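**Student:** Input sequences plus hints: build the corresponding full structure.
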Amino acid sequence: MIVNLIKFIKLMCLRLLGFQVKKSALVAISLIVVVSLSVSLGAFRGQNRLIVSTTTSLYDTGLLDFIAERYFQLYHIKLDFIAAGTGQALEHARRGDADVVLTHSPSLERQFLTERVVGVRKIIAYNFFIIVGPGEDPAGIRGLPPVRALTKIATSGVTWISRGDNSGTHLKEKSLWEKAGIRPAGQAWYIESGTGMGPTLQIANEKGAYTLTDTGTYLKYQKEGLINLAPLIESGEDLLNVYSVMAVNPEENRQVNFSGAVAFIAFLTSEEGQKTIEDFGKEEFGVSLFNPAVQLLRTDSAVAEWIRDYAFIENSECPPEYRLGQEGLYQ
Amino acid sequence: MSEQLLDIVLRSLWISGTALLLSLLWSLPLALILGLRRFRGRNTIISFFNAMLGVPTVALGLFLYLLFSRRGALGAFSLLYTPTAIMIGQAILITPILISLLTSAIEAVDPRIRDLARTLGASERQASLTILREARKGSILAGVSAFNRAIAELGIALMLGGNIEGLTRVMTTQIALGVNRGEIILSLEATLVLLAIVFTLTLIANRFRGD
Amino acid sequence: MAVHMKLHRVTRRYDGITALSEVDLEVKNGEVLTIIGPNGAGKTTLLRILALLDEPSSGEISYRGQRVDRSSVQEYRKRITMVFQRPVLFNDTVFENIAYGLRLRGLEGEEVAQRVNDALSSVMLDGFGSRPAKKLSGGEQQRVVLARALALEPELLLLDEPTANLDPTNAHIVERIIKNLRGRTTVVVATHNIFQARRLSDRVGCLLNGKIIDIDRPRNIFIKPKNEIIRKFARGEFF
Chain A
422 MIVNLIKFIK
432 LMCLRLLGFQ
442 VKKSALVAIS
452 LIVVVSLSVS
462 LGAFRGQNRL
472 IVSTTTSLYD
482 TGLLDFIAER
492 YFQLYHIKLD
502 FIAAGTGQAL
512 EHARRGDADV
522 VLTHSPSLER
532 QFLTERVVGV
542 RKIIAYNFFI
552 IVGPGEDPAG
562 IRGLPPVRAL
572 TKIATSGVTW
582 ISRGDNSGTH
592 LKEKSLWEKA
602 GIRPAGQAWY
612 IESGTGMGPT
622 LQIANEKGAY
632 TLTDTGTYLK
642 YQKEGLINLA
652 PLIESGEDLL
662 NVYSVMAVNP
672 EENRQVNFSG
682 AVAFIAFLTS
692 EEGQKTIEDF
702 GKEEFGVSLF
712 NPAVQLLRTD
722 SAVAEWIRDY
732 AFIENSECPP
742 EYRLGQEGLY
752 Q
Chain B
44 MSEQLLDIVL
54 RSLWISGTAL
64 LLSLLWSLPL
74 ALILGLRRFR
84 GRNTIISFFN
94 AMLGVPTVAL
104 GLFLYLLFSR
114 RGALGAFSLL
124 YTPTAIMIGQ
134 AILITPILIS
144 LLTSAIEAVD
154 PRIRDLARTL
164 GASERQASLT
174 ILREARKGSI
184 LAGVSAFNRA
194 IAELGIALML
204 GGNIEGLTRV
214 MTTQIALGVN
224 RGEIILSLEA
234 TLVLLAIVFT
244 LTLIANRFRG
254 D
Chain C
1046 MAVHMKLHRV
1056 TRRYDGITAL
1066 SEVDLEVKNG
1076 EVLTIIGPNG
1086 AGKTTLLRIL
1096 ALLDEPSSGE
1106 ISYRGQRVDR
1116 SSVQEYRKRI
1126 TMVFQRPVLF
1136 NDTVFENIAY
1146 GLRLRGLEGE
1156 EVAQRVNDAL
1166 SSVMLDGFGS
1176 RPAKKLSGGE
1186 QQRVVLARAL
1196 ALEPELLLLD
1206 EPTANLDPTN
1216 AHIVERIIKN
1226 LRGRTTVVVA
1236 THNIFQARRL
1246 SDRVGCLLNG
1256 KIIDIDRPRN
1266 IFIKPKNEII
1276 RKFARGEFF
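Protein chains in written order, with this note's numbering: chain A, 422 to 752; chain B, 44 to 254; chain C, 1046 to 1284.
These aren't lab readings, by the way, just hints derived from the structure by calculation.
This one's a predicted model, so the numbers in the text were calculated from it and none came from an experiment.
Every residue, glycine too, gets a C-beta built ideally from N, C-alpha and C.
Just to be clear, a hint being listed does not mean it is correct.
For lysine-lysine, the following DSS-like pairs were computed, each having C-alpha atoms within a straight-line distance of at most 27 angstroms [unchecked claim]:
hint	chain 1	residue 1	chain 2	residue 2
1	B	K180	C	K1179
2	A	K628	A	K499
3	B	K180	C	K1180
With beta-carbon atoms standing in for the labels, derived distance ranges [claimed, not checked]:
hint	chain 1	residue 1	chain 2	residue 2	range
4	B	R155	C	G1172	24 to 30 angstroms
5	A	L432	B	D153	32 to 38 angstroms
6	B	I88	A	F429	40 to 46 angstroms
7	B	T243	C	G1172	35 to 41 angstroms
8	C	D1099	B	R176	19 to 25 angstroms
9	B	A239	A	S656	37 to 43 angstroms
10	B	D153	A	Q509	53 to 59 angstroms
11	C	T1214	A	V424	39 to 45 angstroms
12	B	A239	A	L647	23 to 29 angstroms
Here are some, though not all, of the chain B residues that point toward chain A, as calculated from beta-carbon distances under 7 angstroms [what the hints assert, rightly or not]:
hint	residue
13	T61
14	L65
15	L79
16	R81
17	S112
18	L123
19	T125
20	P126
21	M130
22	G205
23	I207
24	N223
25	R224
26	G225
**Tutor:** This is the structure:
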């Protein structure tokens, strides 16, 4: 059958081109055509896309895929998420390899903002880190303020697992140790997993140890029976985790999809977007894993104050000189 | 097989398959020249490709990442985080193994075949192609080995593809990163499928070994 | 008799050796010409020159009166076929081995099958078409490569020690085939078997150290040698 097909093609070539095409030439040309098609097909998304650079901890919670689904339903735009460590996520912005950045590390965000790598920063959500550990709580930290709890852990001989990977979670953990005035590195009870939140929880589970985690990953792993740890400290100003979105500055990188980025930011801060964020996790776990922040920041509540203290830069979520002309988002 | 898994598996096959074809475009002619002709510097070139066999995928991945990045020399093509970037990266990755094995296969052909072909009426070019055909069993082994290397590598798919769901997520990236997301079952399934593919192809290729 | 192929002062040098030196040779149309000589005399080299596989270091070659040069060599080569001393076979079936040259000449399908089967019959290997060529016995392989050459119906057929590795039965089959070609195909056989030379040839050429020392009808070489050297040659003293 293939032989007949080749004969047919040769005949067609003869008719069209007026000369005989050798079978080997035909094969070679078909190969080149097939390869070219395949390769260029793979580059199809190259031009018109929105690349969102984010952290693995945030991506791994599943929130972003949830948002992307909704975004696609509404606007038929596909979001491409690149998950890496926080530092890397922001580096992508610097290289212009991303259009939008979603992170939860205000100090790094400030740095990149002032370097004009990114702009149009909006705070979109918040939640709390939690300190989990074995149900029996041998160190007796249940309900304590976070810093005091860590001090107790350092002295009671129980094991603590740290992410050790400079992720947002790890940075938060480091800031807590600093506040407690303790240097845990190198001590026998302090173990660095150097890996993601999920595996870190599993290690803590195995060793009956304590660790700092985000709610989303904890709930997911707990629900699937992968771990059996108890949430011992669930809120407090020190455990606040604030999520921001920023657009990559087109001044430095011509190729970024700035309009797409702004549209996405507008969506995230809109009623629809905020509701989407709030909905995430409700069905599966019965609680919102991420709390909408836009409306909250218009109030004077305690948490709003915490957010402003922790995550504002020069008394604003985005100082005017970094708003890149998007004043409309800051009314 | 769940839809997710099927999506990942098919994509892996498509990307690595294209990478193989792409690499063949330049590896085959090069192997023919190296295998059939004798010239000064030939051994140096062959040694070079042999040395490149062991290049770590992450090293190549990083190099290409810098190249494909919007700031990089090829940034204008917006190739980063597309399947094409992985195809190109893997094609480059498997070039040394393809050239090494193809050249060996061609060298292994009885040198008298060339004269035989010529005395039976073949032109120089036809004789070269005949030699290539004589080397077909070794060539298949070369192709399969190259494909296996491509489909089982992680560094390039990760750095150049970004593991984007529905776009550049392949079996290896799923396995590497899925566990962090709690997608243990899916990652395990991907592992099994990947092993099955590599084993099956290797078994088939071994039927062609040594003849 | 018309001249089929002519070598004029052909010299062939390679790897520092002079394998052929100032050879003048006329191959006549339709004859069976045997070249005898000891190992290392240059028989294979001479055949390869006639087959247009190797280019002479100096000298001229003409085919049917036409000068052979680089631009025309490929064309003439198609009308000549050489069978090598030890069988060289493609890694394929017997059928494909024989069909190879036919396909190169543009034949297809039924025609190819017909010619292949005829060729197999002529060497008494009917039905061997689908066997893997490399798995045959030495004698069978030798007949396959002969069939392969015959199927192409070349104008000039060159055989390098065609029966050297054959048992008497197979050797006999091959000699019979050569005899039957006389008149239709010009055949040049290289051999160190002087008895074979006596049996088969229209003319015998004596090759020693890259030079043709004489070329004549068998009786003038073997029965009435014209000088001392030829007589020694005919008695196998140089071999």
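**Student:** So, against the hints stated earlier in the document, which numbers end up violated here?
**Tutor:** Those not satisfied are hints 2, 9, 15 and 16.
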